[in-house]
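S.K.: Put together the whole structure using the sequences plus the hints.
In this text, residue positions in the sequence shown follow the UniProt record's numbering: the first is 1, and each later residue adds one.
Calculated directly from the structure, the hints in this document are not laboratory data.
Owing to the predicted nature of the structure, the values given are computational and were not obtained by experimental measurement.
Cβ coordinates follow ideal geometry from the N, Cα and C atoms, glycine included.
There could be a bad hint or two in this list.
What the hints assert, rightly or not - Derived CB-CB ranges, DEER-like:
1) Asn9 to Leu88: 12 to 20 Å
2) Gly90 to Gly7: 39 to 47 Å
3) Val37 to Arg8: 18 to 26 Å
To be verified - Mimicking DSBU-like on lysine-lysine, the simulated pairs with C-alpha atoms at most 35 Å apart in a straight line are:
4) Lys36 to Lys48
5) Lys22 to Lys48
6) Lys30 to Lys48
7) Lys22 to Lys36
8) Lys22 to Lys39
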Amino acid sequence: MNVTFEGRNLSFSEDGYQMHPKLVITLLDKQRRWDKVGKWENSSLSMKYHVWPRFELFSDGEAREDDHLSIVTLEEAPFVIVEDVDPLSGTCMRNTVPCRKQLKIL
Numbered sequence: 001m002n003v004t005f006e007g008r009n010l011s012f013s014e015d016g017y018q019m020h021p022k023l024v025i026t027l028l029d030k031q032r033r034w035d036k037v038g039k040w041e042n043s044s045l046s047m048k049y050h051v052w053p054r055f056e057l058f059s060d061g062e063a064r065e066d067d068h069l070s071i072v073t074l075e076e077a078p079f080v081i082v083e084d085v086d087p088l089s090g091t092c093m094r095n096t097v098p099c100r101k102q103l104k105i106l
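M.R.: Here you go:
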């Protein structure tokens with residue numbers, strides 16, 4: 001589906017994925033402030049810093065085995081579609097990530 005809105009191409013593929021997404025990459029710093037560190041645009045990634053050396057700012061100088069990178073998103077429509085499990089099949093509905101399993105509370 002081809003969609004243009006205010007000069008932006010918001011077209012979707014047949015599978016429901018946006019064909020030309022623009023994303024902002026942010027990092028939560030030690031003071032719990034968001035720092036814009038990059039962007040994804042026109043199938044290209046641009047970064048403000050080299051990703052891994054930037055994490056040295058947060059360490060005490062010693063190598064740690066628990067350092068890791070988490071990629072997260074807010075559960076907020078329309079950015080993430082969260083649906084309950086299909087009550088008939090017990091499976092996740094198409095194009096929902098993640099789905100919530102229903103609990104039977106006695």
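S.K.: It remains to establish, for every hint, whether it holds in the given structure.
M.R.: Tested hints:
no. : hint                      : result
1   : Asn9 to Leu88: 12 to 20 Å : violated, 37 Å
2   : Gly90 to Gly7: 39 to 47 Å : holds, 44 Å
3   : Val37 to Arg8: 18 to 26 Å : holds, 23 Å
4   : Lys36 to Lys48            : holds, 8 Å
5   : Lys22 to Lys48            : holds, 16 Å
6   : Lys30 to Lys48            : holds, 18 Å
7   : Lys22 to Lys36            : holds, 14 Å
8   : Lys22 to Lys39            : holds, 7 Å
Hint compliance for this structure: hint 1 is the single one not met.
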